[in-house]
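Chemist: In the order they appear, the protein sequences are chains A and B. When the first sequence is numbered by this note's numbering, its final residue is 159 and no position is left out of the sequence of numbers. When the second sequence is numbered by this note's numbering, its final residue is 582 and no position is left out of the sequence of numbers.
Think of the hints as simulated: they come from the structure by calculation, not from any bench. Since this is a predicted model, take the numbers as computed values, not measurements. All C-beta atoms in this analysis are idealised placements derived from N, C-alpha and C, irrespective of residue type, glycine included. Careful, some of the hints might be misleading.
Partial list, derived from the structure: chain A residues whose beta carbon lies under 10 Å from chain B [said to hold, decoys possible]:
| no. | residue |
| --- | --- |
| 1 | 8 |
| 2 | 10 |
| 3 | 14 |
| 4 | 65 |
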Amino acid sequence: MKRVIALLMENQPGALSRVVGLFSQRGYNIETLVVAPTTDPTLSRLTMSTEGDENVVEQITKQLDKLIDVVMVTNLSGSEFVERELMLIKFKSDSFPRNTFEESNIVSKNDEITNVQVVGTSSELDKLITEIEGNNPVEIVRSGSLGISSDKTSLSTEN
Amino acid sequence: MDKSNKSGAEALIHSLHLEDVELMFGYPGGAALHIYDAIFNQDKVEHILVRHEQGAVHAADGYARATGKPGVALVTSGPGATNAITGLATAYMDSTPIVVISGQVKSNLIGTDSFQETDMIGVSRPIVKHSFLVQKAEDIPQIVKKAFHIATTGRPGPVVIDVPKDFTDPGYKFEFHYPSEVNMRSYQPPKAGDTSRIKEAVDLIEAAKKPVIYSGGGVIQDDASNELIALAKQLNFPVTNTLMGLGAFPGSDPQFMGMLGMHGTYQANMAMHNADLIIAVGARFDDRITNDPKQFSLGAKKIHIDVDPASVSKIIHADIPIVGSAKECLSALLQELNSRDLKLNESEISAWNQQISDWRDAHGLNHSLLELGPQNGKILPQQVVQSLYKETNGQAFITSDVGQHQMFAAQYYHFDKPRQWINSGGLGTMGFGLPSAMGVQLGYPDSTVACVTGEGSIQMCIQELSTCLQYGLPIKIINLNNAALGMVKQWQDMQYGGRHSSSTYENSLPDFVALTESYGHVGIKVTQFEDLESSMKECISLKDRLVFLDVDVDPNEHVYPMLEAGNAMDHMWLGKEEKTWK
Numbered sequence: 001m002k003r004v005i006a007l008l009m010e011n012q013p014g015a016l017s018r019v020v021g022l023f024s025q026r027g028y029n030i031e032t033l034v035v036a037p038t039t040d041p042t043l044s045r046l047t048m049s050t051e052g053d054e055n056v057v058e059q060i061t062k063q064l065d066k067l068i069d070v071v072m073v074t075n076l077s078g079s080e081f082v083e084r085e086l087m088l089i090k091f092k093s094d095s096f097p098r099n100t101f102e103e104s105n106i107v108s109k110n111d112e113i114t115n116v117q118v119v120g121t122s123s124e125l126d127k128l129i130t131e132i133e134g135n136n137p138v139e140i141v142r143s144g145s146l147g148i149s150s151d152k153t154s155l156s157t158e159n
Numbered sequence: 001m002d003k004s005n006k007s008g009a010e011a012l013i014h015s016l017h018l019e020d021v022e023l024m025f026g027y028p029g030g031a032a033l034h035i036y037d038a039i040f041n042q043d044k045v046e047h048i049l050v051r052h053e054q055g056a057v058h059a060a061d062g063y064a065r066a067t068g069k070p071g072v073a074l075v076t077s078g079p080g081a082t083n084a085i086t087g088l089a090t091a092y093m094d095s096t097p098i099v100v101i102s103g104q105v106k107s108n109l110i111g112t113d114s115f116q117e118t119d120m121i122g123v124s125r126p127i128v129k130h131s132f133l134v135q136k137a138e139d140i141p142q143i144v145k146k147a148f149h150i151a152t153t154g155r156p157g158p159v160v161i162d163v164p165k166d167f168t169d170p171g172y173k174f175e176f177h178y179p180s181e182v183n184m185r186s187y188q189p190p191k192a193g194d195t196s197r198i199k200e201a202v203d204l205i206e207a208a209k210k211p212v213i214y215s216g217g218g219v220i221q222d223d224a225s226n227e228l229i230a231l232a233k234q235l236n237f238p239v240t241n242t243l244m245g246l247g248a249f250p251g252s253d254p255q256f257m258g259m260l261g262m263h264g265t266y267q268a269n270m271a272m273h274n275a276d277l278i279i280a281v282g283a284r285f286d287d288r289i290t291n292d293p294k295q296f297s298l299g300a301k302k303i304h305i306d307v308d309p310a311s312v313s314k315i316i317h318a319d320i321p322i323v324g325s326a327k328e329c330l331s332a333l334l335q336e337l338n339s340r341d342l343k344l345n346e347s348e349i350s351a352w353n354q355q356i357s358d359w360r361d362a363h364g365l366n367h368s369l370l371e372l373g374p375q376n377g378k379i380l381p382q383q384v385v386q387s388l389y390k391e392t393n394g395q396a397f398i399t400s401d402v403g404q405h406q407m408f409a410a411q412y413y414h415f416d417k418p419r420q421w422i423n424s425g426g427l428g429t430m431g432f433g434l435p436s437a438m439g440v441q442l443g444y445p446d447s448t449v450a451c452v453t454g455e456g457s458i459q460m461c462i463q464e465l466s467t468c469l470q471y472g473l474p475i476k477i478i479n480l481n482n483a484a485l486g487m488v489k490q491w492q493d494m495q496y497g498g499r500h501s502s503s504t505y506e507n508s509l510p511d512f513v514a515l516t517e518s519y520g521h522v523g524i525k526v527t528q529f530e531d532l533e534s535s536m537k538e539c540i541s542l543k544d545r546l547v548f549l550d551v552d553v554d555p556n557e558h559v560y561p562m563l564e565a566g567n568a569m570d571h572m573w574l575g576k577e578e579k580t581w582k
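Please model the complete structure; the sequences and the hints are all you need to start from.
Modeler: Written as structure tokens, this is what we have:
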């Protein structure tokens with residue numbers, strides 16, 4: 001089962017390698033990984049998705065929490081949450097599937113190439129990829145999942 | 001005093017002094033030379049020059065384990081740093097508080113493959129509790145403060161400080177200020193345990209009919225031995241210790257069942273397997289204890305006290321998890337016991353203790369092997385440990401290397417006090433024994449420190465004999481010489497049809513007596529049982545000299561009991577032909 005873990009860590013050199021290294025070191029798999037600084041520039045937020053049962057995710061979150069650079073960790077998939085991923089797709093303009101996309105999806109277009117962007121859940125994007133297979137996309141780029149909880153809780157050092 | 005202008009190197013050494021560091025172990029080299037000059041110009045922190053960086057880290061580790069104070073090692077960049085890696089991994093696996101300072105090439109050279117450059121932060125990352133790369137000289141005092149705080153609190157562990165050479169340059173000075181406290185938003189080690197769970201734990205204790213207290217290195221690290229003893233005595237519950245936990249409960253106490261696990265005693269393993277309650281304190285249910293976790297003590301409820309939340313329910317599900325320091329949690333448990341009108345199942349517990357006593361009588365270790373004399377004309381390795389025990393009145397610090405001799409020492413020397421038994425339990429590092437003994441001896445100059453080793457392990461760090469001469473360290477090296485890599489050979493005997501692939505030396509062993517003498521120490525050779533006790537007496541009585549007692553022992557002896565791989569804890573080999581299952 002797919003799990004989404006979010007964490008805040010010190011925005012400093014070496015912090016990311018500790019988090020990523022932990023996964024290989026402990027034999028866990030990372031499906032997707034997204035990192036960016038937060039509004040507090042001393043902190044980065046990292047979202048990762050992984051496969052595993054409840055025990056594995058509990059171990060992962062505990063081990064992550066032990067890392068000195070990690071300020072807080074949450075298992076987003078432990079309660080209701082929203083997950084979204086961005087995907088960019090490059091088509092040859094002559095095989096661009098006009099009916100599949102809105103005009104607003106198109107981010108660049110010339111005689112040769114049309115690029116689109118799509119936002120959705122990972123499974124929606126998986127489905128879309130199967131749908132457009134016949135149009136021979138030139139390149140598909142996915143961002144990896146971002147997540148946010150659906151209730152009032154937030155991952156923040158403020159509360 | 002604390003406010004003056006200092007270079008980065010001076011700030012580093014002065015910070016160590018302010019952390020009460022009295023001695024450190026190290027080896028100089030280019031990137032560390034500014035630091036070495038700062039050491040030369042002060043007299044607060046003594047530096048012990050080892051012969052190999054691995055020795056420096058093991059010595060710092062041994063010092064930390066014996067004294068409870070953090071150990072410090074200093075190495076240079078590149079090969080100095082990589083030589084420290086085995087020592088770091090050893091300390092990491094056994095959760096010992098050490099701080100390793102590594103010189104690094106100048107900051108502008110980092111990443112250019114410059115001379116003696118290694119990415120120490122990267123190389124050491126998976127085997128440190130934390131690490132710091134110094135970014136500017138002014139950061140050194142607060143980094144040292146944080147490093148000691150992290151190394152010594154919560155679940156202790158090694159911390160690396162990697163210092164680029166330019167930040168220790170004597171030509172650049174800054175106003176030295178040492179922080180009085182550490183405040184890290186991302187690091188708050190747990191203290192007392194959850195009291196609601198402690199009440200539930202006592203409920204389970206009251207219900208127990210076949211209880212076992214299983215304690216590990218965490219009790220020793222947290223100086224919680226008194227609390228553990230108080231708990232066991234009040235409840236009259238039997239106690240077993242892990243390899244790392246030996247000494248937390250007195251080894252010669254009748255309530256003690258001996259070590260458990262892979263080479264644990266029959267009674268300890270049987271008690272674990274048949275228990276209805278396991279109180280685990282500062283132990284982590286590792287594979288050398290549980291054997292097959294799926295068949296581990298299926299009838300027992302588990303109370304698990306540990307300072308590391310990630311250790312709880314990692315391998316064995318804890319019915320009552322209590323995260324907190326062993327000392328605080330055991331105190332809270334005792335308090336709860338005393339606040340109740342405690343109703344234990346006394347008659348059932350008494351029957352349980354009788355059962356354990358019967359198991360001990362049936363297949364327990366024979367602690368009077370010396371009385372048997374030579375066996376087939378040979379000295380048993382266990383007899384050497386018993387002779388050492390006798391001659392030191394059970395009071396010596398014992399370090400060991402890794403292999404059969406380590407298990408014999410753990411099984412046959414009754415450790416009555418915590419921090420008396422120093423060994424590489426988690427990583428299993430051959431070569432740990434002698435350098436760690438140097439750390440112990442420097443921590444306790446007037447005590448007897450013996451390194452129980454084998455002819456394989458001792459050769460992995462034997463160069464430290466030279467360090468021992470330079471600093472006058474009168475360590476007693478007790479070499480159980482079976483002319484083979486005994487534990488490897490045992491496995492080959494048991495699982496590989498007796499094919500001794502690369503586990504013997506084909507008459508290439510050195511003359512250890514001559515070798516020791518060439519290093520300026522005393523060497524004594526023992527080949528006959530009749531000479532064992534008198535030679536041991538002579539060895540221990542030479543208070544001011546390092547003595548290498550090289551004892552030829554029966555090369556065919558195996559360590560028993562031994563758990564059958566991949567099975568439950570009641571499946572044990574008790575001898576070459578004897579086992580507990582059909």
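Chemist: Next step is simple, just say for each hint if it's right about the structure.
Modeler: Now for the hints, and whether the structure bears them out:
Restraint check, residue 8 (chain A) versus chain B: the minimum CB separation of about 9 Å is within 10 Å; hint holds. Hint status for residue 10 (chain A): holds, given a least beta-carbon distance of 6 Å to chain B, under 10 Å. Below 10 Å, beta-carbon pairs count as interface contacts, and residue 14 (chain A) has one with chain B at about 6 Å; its hint therefore holds. Against a cut-off of 10 Å between C-beta atoms, the interface hint on residue 65 (chain A) holds, since the closest Cβ of chain B lies about 7 Å away.
Comparing the model with each earlier hint shows no violations; every hint is respected.
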